[in-house]
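Chains as they are written, first to last, in UniProt numbering: chain A, 1 to 232; chain B, 1 to 376.
Please keep in mind that the hints were generated in silico from the structure rather than gathered at the bench.
There's no promise every hint is true.
What the hints assert, rightly or not - Restricting the straight-line Cα-Cα distance to at most 25 Å, the calculated cross-link-like pairs of lysine to any residue (SDA-like) are:
#: 1; chain 1: A; residue 1: K123; chain 2: A; residue 2: A143
#: 2; chain 1: A; residue 1: K144; chain 2: B; residue 2: L17
#: 3; chain 1: A; residue 1: K144; chain 2: B; residue 2: A170
#: 4; chain 1: A; residue 1: K192; chain 2: A; residue 2: L148
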Amino acid sequence: MTHPLIRLRGMAKHYGEGATRVDALRAVDMDIHAGSVVGLLGPSGSGKSTLLNLIGAITDPSGGHMILDGETVYDGRWLRRDLRRLRLEKIGFIFQFHNLMPFLSARENVEVVLDLAGWPAAKRRERAQSLLDYLQVGDKAQAKPAQLSGGQAQRIAIARALANNPRIILADEPTAALDSERAAIVMDLLRKVAADQGAAVVVVTHDDKIMNRLDVIHRLREGVLQSPEERT
Amino acid sequence: MNLALRDIRHRAGRFVLTAVGLSLLLGVVMSMIGIYRGLVDDALALARAPAAELWVVEGGTRGPFAEASRIPRDTRAAIARLDGVAAAGAVTYQSLQVSVDGRPLRLFVVGHELDRPGGPTAIADGRAIERSHFELVVDRRTGLKLGERLRLGTDTFTVVGRTKGQVDSAGNAVAYMTLSDAQKLQFTLEGAAARNQAARGESPNRQQVNAVVARVKPGHDPDELAQSVRRWKHLAALSQDQQESLLLTSVVEKARRQIGLFTAVLLAVSTVIIALIIYTMTMDKMREIATLKLIGAPDRTIAGLILQQSLALGGLAFVTGTTLVTLAAGVFPRRVLILPADVAALSLVVLTICVVASLFGVRYALRVDPARALGG
Ligand SMILES: Nc1ncnc2c1ncn2[C@@H]1O[C@H](COP(=O)(O)OP(=O)(O)OP(=O)(O)O)[C@@H](O)[C@H]1O
Ligand SMILES: [Mg+2]
């Protein structure tokens, strides 16, 4: 078996101290391989978002060990000083609400990431357009987010997440704001991305409609990861 | 890819409206400075009009503009005889109010001797006074036309020439007439009390003038001449340079401080307003800023976005404001002098203000937690 793209060992996170201490995650071990779409499930408050944010280097862990795409990034402390650079290089984020810049066109929203990564303008435009085409929203390149439907906007957001070729894609309830048909389309796209680009896609969800589109399901209960269920 | 510009374009209407509002404020600042420059220029114009190099006034005074000065008329002959004096002329100054077609007009009347220093050196249209009686050269600011007749005291005067931009330090237009006309006018207007006094020989007003102005022969130093005039105890003397700096310190100084203070307050208000606008614009973009951080934008991108918007706002407002004031300068009752150096200086001040004002927004933006981009 290949090395996992994401490897977590003993990852823990608690908020507050003493009487107010909340253990959001307790010693989570997890391996996620390239090409798989993984679901994080669990009741509200079980620590799903917290776990996703630890992997995304958005929240500081309280302890543990984390390898992302072959690089040990956390070992009791961050081994990278510039976490934003780490996110830019390795991780694509998809949000519950698309979080597109309202003042940029669909294509410019994708280009932002490439601009941050230092791509020259012409190549940037070309790459953004081809991503939009890939996600079947190429004709919406010039539209502002306000002129897009929820499903279209979410596809633009996926294009943005893919722009810099990250191997890890994190999505926190990406389908919560979509109807079941559009949710299915988005999930199929994420499956296609995982397969085409050899990426690992981690999806936090409450959404029963999309269960059949997950390769592996991890369940969290009060910050403890249950053993994974492989799906066929 | 410039995010600041795209965000501005996205809400162009709101941005332009804000900039126009701010431009009025900066326009007021610019016009305050312009008014001060106009004030200085006006004050100096009056002192420069006779193209004199030496001012002889009453001993112990710093006349004739900063303080009242009265000296005997025959002082002029004594000054003219001094070695080094090329020409000398006696002058009187008085303010009076007349009525032209029913509207009041305040004039600053300069009486001068024909063919001697004291009269206007630059006539904008018409001619200089040639006859010894009842001719006037007025400033265009009076609105009087060439050939127009004006009743002053007991006599009727005819406007024969006009000057441009000559007013006293209160902004009243200047009118030139001959010294004898001016003295008669003064005598008439001072009323019965003064006339009785004069009849008793106590104050021979008609033999007094306010100053004697002189031009100096080449190779002679006005300051040295002033020194020798001061040996006459009843006289004081100032070179043209001294007269001008005196005018600036005494007559214009208060206005300068007043306007300076007002300008400083307006600039402080502008800073607060820009800071508030930028802060609000930044708060409105909180989610976008969090998202940018989340997808990996460094602090300099975020800070640049806010600073550029602040500069764009200030820049647009400054250009609009300065243009408006330049176009409207003629409408002001007092002269508004827009000097390129002042425009340049104010633009630097506005630049600084924008940077300072953006700091609050930048501080807010840099503190935004990227996790705020997540969830609802
Ligand atoms: N910033 C925070 N400060 C304090 N406690 C927090 C913070 N964020 C999360 N928690 C707590 O950590 C626990 C896990 O929260 P988390 O957001 O990961 O839950 P979740 O599984 O994503 O829930 P949901 O399905 O409602 O989104 C909860 O008890 C929550 O109250
Ligand atoms: Mg959550």
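Mind listing which of the numbered hints don't hold for this structure, in increasing order? Hint check: 3 fails alone, others pass.
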